[in-house]
Amino acid sequence: METILLKKIFKTYQESTIKITALTDISLNIEKGEFTILAGPSGSGKTTLLNIIGTLDQPDSGEVYLDGIEVTNLPNNSLADIRLKKIGFVFQTYNLIDVLTALENVEYVMLLQKVDPKIRRKKSIEILKAVGLEELIHRKTYRMSGGQRQRVAVARAVVGEPQLILADEPTANLDSKTGESLIELMKSFSLSKKITFVIASHDPMVIQKAKRIIMLKDGKIQDDHFC
1 METILLKKIF KTYQESTIKI TALTDISLNI EKGEFTILAG PSGSGKTTLL NIIGTLDQPD
61 SGEVYLDGIE VTNLPNNSLA DIRLKKIGFV FQTYNLIDVL TALENVEYVM LLQKVDPKIR
121 RKKSIEILKA VGLEELIHRK TYRMSGGQRQ RVAVARAVVG EPQLILADEP TANLDSKTGE
181 SLIELMKSFS LSKKITFVIA SHDPMVIQKA KRIIMLKDGK IQDDHFC
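Here the sequence shown is numbered in the working numbering, starting from 1 and rising by one per residue.
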């Protein structure tokens, strides 16, 4: 079964008196475990599409299915529950709680999921070891480098065992070596844990790492192929 199925998605925004078309007639399906890159220039609709897949935004028309369930018109509390249990997010700006340590940031998702404290502590330490931050688990994230903070963000996204992880320009604030290391880390989680990754990026290095590339331009799919 598809992890993601989109049917005829349209999305527009109103800016002052101007109507901007963000997405036009987007239909696609993404299978479980795929490592997919949404590519295209700035303004092509990548982030809008990512937000619609993640239920952070709603289309004007069309249907969105996650694991066979239509989520297009679900109430906000149901969408919040789906995001908590099934989707992990990695943002360009990290979106960490900087007054907390790396360990506390990673634990936070499982705290919301009401996981037993001993279990969430154990799993958080294990995932931070897996992303190479074993020596920094008790460091507050505002004292970390950009690459370290983004690794905390990936650990936080993965630790709740979501079926889907969405990442928006995750390498934008990183040097090339750190960025490549981060993408390889994501690919390893995709393979080992069968997590579906959808990453919005215009970084050529990230695009080269894709198993599937969906190219967007002016809110439309220009190309869609497996590598």
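These aren't lab readings, by the way, just hints derived from the structure by calculation.
All values derive from a computational prediction rather than experimental measurement.
Hints may be right or wrong, so weigh each one.
To be verified - Distance ranges between label pairs, derived from CB positions: (1) S176 <-> L100: 27 to 37 Å; (2) I20 <-> A172: 35 to 45 Å; (3) P75 <-> Q113: 11 to 21 Å; (4) K129 <-> T17: 33 to 43 Å; (5) I20 <-> K118: 27 to 37 Å; (6) I69 <-> E161: 13 to 23 Å; (7) G43 <-> T93: 11 to 21 Å; (8) D98 <-> L56: 19 to 29 Å; (9) L191 <-> K220: 39 to 49 Å; (10) K114 <-> S16: 36 to 46 Å; (11) H202 <-> E70: 24 to 34 Å; (12) T17 <-> S188: 43 to 53 Å.
Said to hold, decoys possible - Straight-line distance between alpha carbons at most 16 Å, and here's what the computed EDC-like set of lysine to aspartate or glutamate pairs gives: (13) K187 <-> D25; (14) K140 <-> E169; (15) K193 <-> D25; (16) K7 <-> D98; (17) K194 <-> D60; (18) K19 <-> E31; (19) K209 <-> E161; (20) K86 <-> E31; (21) K7 <-> D81; (22) K194 <-> D25; (23) K8 <-> D81; (24) K211 <-> D25; (25) K194 <-> D67; (26) K193 <-> E34; (27) K193 <-> E126.
C-beta: ideal position from N, C-alpha, C; glycine also.
Right, here's what the structure says about each hint:
1. A hinted range of 27 to 37 Å for the beta carbons of S176 and L100 is consistent with their spacing of about 29 Å.
2. At roughly 22 Å, the beta-carbon separation of I20 and A172 lies outside the given 35 to 45 Å, and the hint is violated.
3. The hinted range of 11 to 21 Å is satisfied by P75 and Q113, whose Cβ atoms lie roughly 20 Å apart.
4. A hinted range of 33 to 43 Å is violated for the C-beta pair K129 and T17, which are about 54 Å apart.
5. Taking the beta carbon of each, I20 and K118 are about 50 Å apart, not inside 27 to 37 Å as hinted.
6. Separated by about 18 Å at the C-beta atoms, I69 and E161 satisfy the suggested range of 13 to 23 Å.
7. Between G43 and T93 the CB atoms are about 19 Å apart, so this pair conforms to the stated range of 11 to 21 Å.
8. Under the hint 19 to 29 Å, the C-beta atoms of D98 and L56, about 22 Å apart, fit the expected range.
9. For L191 and K220, the Cβ-Cβ distance of about 31 Å falls outside the hinted range of 39 to 49 Å, so the restraint is violated.
10. At about 44 Å, the CB distance of K114 to S16 agrees with the hint of 36 to 46 Å.
11. As the Cβ distance of H202 to E70 is approximately 31 Å, the hint placing it in 24 to 34 Å holds.
12. Taking the beta carbon of each, T17 and S188 are about 48 Å apart, inside 43 to 53 Å as hinted.
13. Annotation: proposed proximity of K187 to D25 is violated, straight-line Cα distance about 29 Å (limit 16 Å).
14. For the given pair, K140 sits about 23 Å from E169 by alpha-carbon distance, which is inconsistent with the 16 Å threshold.
15. Distance check on the hinted pair: K193 and D25 sit about 32 Å apart at the alpha-carbon level, beyond 16 Å; violated.
16. The straight-line distance between the Cα atoms of K7 and D98 is roughly 39 Å, outside the 16 Å bound, and the hint therefore fails.
17. For the suggested pair K194 and D60, the alpha carbons sit about 31 Å apart, so the restraint of at most 16 Å is broken.
18. Distance check on the hinted pair: K19 and E31 sit about 33 Å apart at the alpha-carbon level, beyond 16 Å; violated.
19. Of the supplied pair hints, the one linking K209 and E161 is violated, its CA atoms being roughly 23 Å apart against a limit of 16 Å.
20. With a C-alpha separation of about 15 Å, the suggested pair K86 and E31 falls inside the 16 Å cut-off, and the hint holds.
21. A distance of roughly 23 Å separates the Cα atoms of K7 and D81; the hinted pair therefore is violated under the 16 Å criterion.
22. Of the supplied pair hints, the one linking K194 and D25 is violated, its CA atoms being roughly 29 Å apart against a limit of 16 Å.
23. Using a Cα cut-off of 16 Å, the hinted pair K8 and D81 is violated, with the two alpha carbons roughly 25 Å apart.
24. With a C-alpha separation of about 24 Å, the suggested pairing of K211 with D25 is violated against the 16 Å cut-off.
25. A distance of roughly 14 Å separates the Cα atoms of K194 and D67; the hinted pair therefore holds under the 16 Å criterion.
26. A C-alpha spacing of about 11 Å is found between K193 and E34, which places the hinted pair at or below 16 Å, so the restraint holds.
27. Straight-line distance between C-alpha atoms of K193 and E126 comes to about 14 Å, which keeps the hinted pair within the 16 Å bound.
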